[in-house]
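Visitor: As given, the protein sequences belong to chains A and B, one line each in that order.
Take any residue in the first sequence, count from 1 to its spot, add 841: that is its number in our numbering.
Take any residue in the second sequence, count from 1 to its spot, add 48: that is its number in our numbering.
Treat the hints as calculated values from the structure; they're not laboratory data.
The model shown is predicted, which means the values in this text are computed figures rather than measured ones.
Here a beta-carbon is modelled for each residue, glycine too, at the ideal position from N, C-alpha and C.
Some hints here could point you the wrong way.
[As the list claims (entries may be wrong)] According to the in silico footprint, chain A covers these stretches of chain B (three or more CB under 8 angstroms from chain A):
#1 71-85
#2 97-110
[Claimed, not checked] Going by beta-carbon spacing under 8 angstroms, a handful of chain A positions derived as facing chain B:
#3 H855
#4 R880
#5 A892
#6 F973
#7 L1091
#8 R1098
#9 R1102
[What the hints assert, rightly or not] Anything over 10 angstroms on all C-beta distances counts as not near chain A; from chain B, calculated:
#10 K68
#11 L91
#12 E93
#13 K113
#14 K114
#15 G121
#16 S122
#17 L124
#18 R129
#19 G134
#20 G146
#21 H154
#22 K156
#23 G157
Residues per chain, in single letters:
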Amino acid sequence: MRHKTLEEQVLRRHDEPTLPPLRLPAAHCHVLPGVRWGRHDCLFTPAYWAAQAWHHAAELTAAPLRLGRTLVEEVAACLLGGHGTPAEIGLAAFESVRRAGLLVSAPASAADVEAVLARPLLICGRTVRYRFARQRAIYLASALSRLSRNSIDSSSHRRFRDELTSIHGIGLKTASWITRNWLDSDEVAVLDVHVLRAGCIMGLFPHSARIDRDYLELEDAYISFARAISVRASRLDALIWRQMRFAGILGIRAAARALKRSTESDMLPAAA
Amino acid sequence: MSGGGNYGGDGGGGGQEDLKCEDLRFHTSLNSPDPDIVTKLALKEVLKLEQRKEGGPLLAITRSKKVAGSIAGSLLLRLLRCIEEGHEYEAVVVKITGGNVEVEVHHKGE
Chain A
842 MRHKTLEEQV LRRHDEPTLP PLRLPAAHCH VLPGVRWGRH DCLFTPAYWA AQAWHHAAEL
902 TAAPLRLGRT LVEEVAACLL GGHGTPAEIG LAAFESVRRA GLLVSAPASA ADVEAVLARP
962 LLICGRTVRY RFARQRAIYL ASALSRLSRN SIDSSSHRRF RDELTSIHGI GLKTASWITR
1022 NWLDSDEVAV LDVHVLRAGC IMGLFPHSAR IDRDYLELED AYISFARAIS VRASRLDALI
1082 WRQMRFAGIL GIRAAARALK RSTESDMLPA AA
Chain B
49 MSGGGNYGGD GGGGGQEDLK CEDLRFHTSL NSPDPDIVTK LALKEVLKLE QRKEGGPLLA
109 ITRSKKVAGS IAGSLLLRLL RCIEEGHEYE AVVVKITGGN VEVEVHHKGE
């Protein structure tokens, strides 16, 4: 019998039998140099992500990514949901600031923002405190001030993103996040620990990669990957983030296995 | 761990998180069904679900320990998370059409 990895992978939607099947190359084929498709029925391979994007296509295309009704709100939502802040808390803090009226008319001061962020948040019946209230208040006030002075040219998504990074407290990741959401952009990547892990598991990113140091190179690799599997980059990183976050220990173990494979192949003697 | 944010609206293709493991039940077609094994399957036959290799496919195994196919699809991650948490599942053959085998995956002990 032909080995499974040599066969084209054909996926059918059980709930939609009339939908044309998704055809993916055989598992052993390369999707990009050095990165094989893998099996779609194995977690976190390129074929898996292509399959998941296909399975969830309706949700991915229908749901807008914007968190805010204006660019100011979008910047606030992403700034407040940054590193170290669980998604639910970031969103609750954003709602709190929005309801307090700090994102309309004259730019709010850092003190005003901090006063709102310091209030306890009620999430799923629990009272939690927003961490980094003072620091994020300073960043948000800075962003509000900047946005009130000039608009940002959005004709080039990458330039829009780069302009956002000139705002104190907004780095590449947050700027990319804002850009992706606000402009529905496929020209930037929102790279965080979850997407990084997924990339390392696939062999798309080197295991030594660091987001803070290698963001632009990783972004280029990620966007090439999205194009190679014919999935919009903007939807793919949201899908990967959500699933890798949910995967928890399964993702951590997959990354450890991938690192082990990579280390073992590095140790193989070079061919004579 | 938050890993920072990457969320956007309701996008992200998921919704798996809300499903309780005990309630996880769905119909799907066996992926890559083995034609030689399929000819011997019977309706209502119970297939064991097993991952023989960490990170490998979730295989549907007959009583005679033959691999009938694997489980794939939109709920694969949820299923594997539940199995990781100690829940067990089986796949019951509900329809065989040509080489296609439809199964119902459900929590064992139902």
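Visitor: Hint by hint, where does the structure go against what was stated? Just the numbers, ascending.
Guide: Hints 6, 9, 15, 16, 17, 18 not satisfied by this model.
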